[in-house]
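Novice: Given next are the chains, with one letter for each unit.
4 protein chains.
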Amino acid sequence: MSKLSTLTALLHGPDQPGLVARVASWIFERGGNILHADQHRDMEAGIFFQRVEWQPAFAAAGTEPGRPTTEAAGRASVAIQAMADQSQGRPIDRVAAARDFSTFAQSSLGMTVRLLASDDRPRVVLFVSKADHCFHDLVLRWKAGDFSCEIVAIVGNHPDLGSAAAGYGLPFFHIPVLPDRKAAAEKEQLALLRDLRADLVVLARYMQVLSAGFLAELGVPVINIHHSFLPAFAGGRPYHQAHARGVKLIGATAHYATRDLDEGPIIHQDVARITHRHDVEDLVRKGRDLEKSVLAQAMRWHLEGRVLVYGNKTVVFD
Amino acid sequence: MSKLSTLTALLHGPDQPGLVARVASWIFERGGNILHADQHRDMEAGIFFQRVEWQPAFAAAGTEPGRPTTEAAGRASVAIQAMADQSQGRPIDRVAAARDFSTFAQSSLGMTVRLLASDDRPRVVLFVSKADHCFHDLVLRWKAGDFSCEIVAIVGNHPDLGSAAAGYGLPFFHIPVLPDRKAAAEKEQLALLRDLRADLVVLARYMQVLSAGFLAELGVPVINIHHSFLPAFAGGRPYHQAHARGVKLIGATAHYATRDLDEGPIIHQDVARITHRHDVEDLVRKGRDLEKSVLAQAMRWHLEGRVLVYGNKTVVFD
Amino acid sequence: MSKLSTLTALLHGPDQPGLVARVASWIFERGGNILHADQHRDMEAGIFFQRVEWQPAFAAAGTEPGRPTTEAAGRASVAIQAMADQSQGRPIDRVAAARDFSTFAQSSLGMTVRLLASDDRPRVVLFVSKADHCFHDLVLRWKAGDFSCEIVAIVGNHPDLGSAAAGYGLPFFHIPVLPDRKAAAEKEQLALLRDLRADLVVLARYMQVLSAGFLAELGVPVINIHHSFLPAFAGGRPYHQAHARGVKLIGATAHYATRDLDEGPIIHQDVARITHRHDVEDLVRKGRDLEKSVLAQAMRWHLEGRVLVYGNKTVVFD
Amino acid sequence: MSKLSTLTALLHGPDQPGLVARVASWIFERGGNILHADQHRDMEAGIFFQRVEWQPAFAAAGTEPGRPTTEAAGRASVAIQAMADQSQGRPIDRVAAARDFSTFAQSSLGMTVRLLASDDRPRVVLFVSKADHCFHDLVLRWKAGDFSCEIVAIVGNHPDLGSAAAGYGLPFFHIPVLPDRKAAAEKEQLALLRDLRADLVVLARYMQVLSAGFLAELGVPVINIHHSFLPAFAGGRPYHQAHARGVKLIGATAHYATRDLDEGPIIHQDVARITHRHDVEDLVRKGRDLEKSVLAQAMRWHLEGRVLVYGNKTVVFD
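Residue numbers (our numbering), protein chains in the order written: chain A, 1 to 318; chain B, 1 to 318; chain C, 1 to 318; chain D, 1 to 318.
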């Protein structure tokens, strides 16, 4: 929501008294201004979680004292960043601020930390198959400015969405995944993702299982959309399963892909009401709306640095 | 919703042309007036389902032609019913009309049929344990006129809700269910339900499994509320399961009890959103609201003759 | 949902005994097979509403007795329709069946009737302005087969969406609506819609008020999406109004356009939860999702013949 | 959610750099441990809002370093509080800690502050009329432990709920409000509320307008439930208004009562879907469920110190 130049840190680790004060003071003493801070404690496990977003000194410096306006701060930030890039040795640039904070959080507080800069635009690759609804939905939202990222490529195991991708001006890579050359296909995908410098992979109804080896090798998060209310109806053809069981609600689940299929940390879920009048085809149609909105919301939260994974669960600072 | 004296039939059987016309004509030719009729076809299975509600001749006769008002019809119905009870041999009373329709539907149409008269008040027995939220909720709704039934007794395997039942003026029967005397307890329950002439048993968080033998012997429907979004988290402690998995929605499911635990035909389901901030205790608290509203809705639909069971699924004419 | 060749009638008029039977018998006697029938009575006003969908004889004739399958019926329908087209004088074609039913319903039952044939594809024109989210959403759903219609043209008062329309292969007409030439613009629009033989106009965030004269002259339904939960926040800038009032839910309303702005019969509404964290821009963004889904659902229901207007309200047979 | 002995502060005032750090440091330096802290900035208005909950020194002192358990802290708190009560002059008790923090927040930070101690049990008075659903709902939730408060009395302008109140062991005061003695009735109510030392008044479908004078004199918050989705259908008989307009959703709104009827700051809202099948009576019935859940949620949030009023809006830290 903020248009300011900010840093966002996601922290977690063993709880100890004074964590909020120490983080806030560290930022304040270096001239930063905290815009949002949200904490959570898992009482059972004794773990502290925090999301904190702040303007580092180089950005805050140019704002009016006391009441910065979005526009003023935005302009100031650009100007000062330019200066900072020319200056030498003074740790006022974004990269340095991020590095310093990480060192502090890890060494002094013993926390695991992930840092995002609002000026960075993560590079996202969409994996698709034949179904096009999530693909169109994500690309149109991105073009409307909903996502703070660059969609740099579309990878399909079928060629069907190639011309649609071209229509949006997006590079499309067709990498078939045949039963007997899955390993080769994954190798090709990994090479491509490395070339593209992907920061995030989103499976927009990709419908293929990624191997544990692929995920380990890849090293960046993968978000998947499963077309059921997990853990109900895991596995294949969930709408057929739901119809057979006679449930009154269908759902969709966005989660991080892990080596255990359909078992990864859940980011977001939603449901829609159905009746006996809906056949499997209707479920599929209604489900498309769920899949679109749930996947888009999960991707947005991830890009805004609102999702913190620990164990097999997520903390979503929404 | 109707305050008129009506009959409601729930029909299902093999589809054949002309079913709607034949049912409607049968009613019309006997002076009845259809108030609601709703059909459904399961295309795959070739099964026809219908719910039809009508005023039989004895009730419709007393209304103004063309535009019956609720009040007029209600008064007329009482007066004419009185007459009908005194008359002899003329098939204008409710019981005869119901019997005639059933014969027609079964013999001429080959349909399975269930009939309800709006003037009948089914006799309902609530089974409870220690948790009181569904118990209070159902009794208060009943006292507010939401349910067209008589709650004739409360049966508890623990004595905890005895005084609350007494406060509502409801008989309470304490039948302990200890591991080593479950069969004896069920025998006692069956005898009691027979004495009470129960038409419906509602398990208001009863927390005990009913044996297949008990259900077969009982011969009337049993509605249960399960505190999860079935089929997810079947079995015990579903809120603990949900918390451990990290789902973002919790649910409740009202279903008919069958010999397969948690597998009976689902009547109604609903969900509520949760976050990482909610611990198991919060889930239990939020779940109580779901359990209350889902069970009340299922019981209401059942009593209004809106739920038709076939196979392991329901058709709900809402 | 049905892929059979069917007719759907929407009827309403003064209630009278036997309406269900007479409609069903008329269809049955002519060899038709009722697939769905749904009635409603407005008790206060004494008005009867019905939606009935059936296979006329020409389609039903080719099906297996007792248990028609979708595929078989579909193939049969095509074959028999071909025969029917070659036959002479026999009133077994769709147009004749529709005309006969209308005559019956109006003359014999005194009902107002609207008829749709499932094989007809109504011609739809979308009116747009600059915002593109509803435009893309409706066109993509249409391409996915969600709507039984032809989108024949896009009309914009701004040229912005011209190239997007071209990308979808859809004709785009730019008709500017300047304050001093609104009457001229409406005249131009009317001529165009007549040329296009439009059956339905959908205002996909068109943002211009249509004059009473335009609507009267047009003679086909116009569906509009208003970006608030009407009647709250009628008029301009509803998200600003909602933000100023501090409501906790925002909404969207699809309604038929009438001469009274924002007062037409409501077809569908939905809401989304917001918090103090959302500024007006967030409301606009979240609102886009509501607007898309609510308008698409309303358009779909209209095209399936599920919406019956009477007075300033709708009956939606969903 | 916390069972620890805590203080919760709700702060708001002009934004300035370092507020988070200064608040957190103040607490940390005095041996307190922050459990939750949530900030919000109104960018347009330049206002900072914070909710912070912490264990003051006297409670935190007894916990194990690093990983306090709920039980241990609870026991420690009791023990230490006992000691604190015996000690003299040392500002380690709750009242002193609260007073010190308030002074700091007001003098040093220029913030408006409201403080709650988790061990305090605010004294709540319910105002009722004839409708009993919200009354039963709130009392049963309170008895189930959902609300951290004491319900000390029921005040009715009709005697109807007197015996139900007695059944719960709650004092009932019947103060009739006749058109010609409204001022006298309000005077009587004020005297009673002063005697009862009420901290909060909840209008559980009280259905009477409170005068501006009454509210000013009273000096404690009043929460009302309005049976519509405000601002739609303000004023009387909202369900009749909703039915007449033909909306597809009905709602309920919990808000603080102010001198402008139905215009007070909104705390919570929810909606339920309705169709043409629902008459006004059905709307009333369905509305009862909304009213109960929305009012209970608003009351709970208020009691947990989650609601901060500014201008005519609320910030709800949920």
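Simulated from the structure, these hints should not be mistaken for lab results.
Certain hints may be false.
Which copy? The list can't say, so a pair holds if one copy fits it or any two copies do.
Unchecked claim - The calculated lysine to aspartate or glutamate pairs, modelled on EDC-like cross-linking and capped at a C-alpha distance of 16 Å, are:
1. K286 to D146
2. K187 to D279
3. K143 to D160
4. K313 to E263
5. K286 to E263
6. K313 to E44
7. K313 to D199
8. K286 to D199
9. K182 to D279
10. K286 to D318
11. K313 to D279
12. K286 to D180
Novice: A separate judgement is required for each hint: does it hold in the structure or not?
Specialist: Cross-check of the supplied hints:
{"no.": "1", "hint": "K286 to D146", "result": "between (23 Å within a copy, 10 Å between copies)"}
{"no.": "2", "hint": "K187 to D279", "result": "neither (40 Å within a copy, 42 Å between copies)"}
{"no.": "3", "hint": "K143 to D160", "result": "between (21 Å within a copy, 15 Å between copies)"}
{"no.": "4", "hint": "K313 to E263", "result": "within (10 Å within a copy, 28 Å between copies)"}
{"no.": "5", "hint": "K286 to E263", "result": "neither (24 Å within a copy, 25 Å between copies)"}
{"no.": "6", "hint": "K313 to E44", "result": "within (14 Å within a copy, 36 Å between copies)"}
{"no.": "7", "hint": "K313 to D199", "result": "neither (21 Å within a copy, 40 Å between copies)"}
{"no.": "8", "hint": "K286 to D199", "result": "neither (31 Å within a copy, 26 Å between copies)"}
{"no.": "9", "hint": "K182 to D279", "result": "neither (34 Å within a copy, 42 Å between copies)"}
{"no.": "10", "hint": "K286 to D318", "result": "between (26 Å within a copy, 14 Å between copies)"}
{"no.": "11", "hint": "K313 to D279", "result": "between (33 Å within a copy, 13 Å between copies)"}
{"no.": "12", "hint": "K286 to D180", "result": "neither (34 Å within a copy, 44 Å between copies)"}
Checked against the numbered hints listed earlier, the structure breaks hints 2, 5, 7, 8, 9 and 12; every other hint is satisfied.
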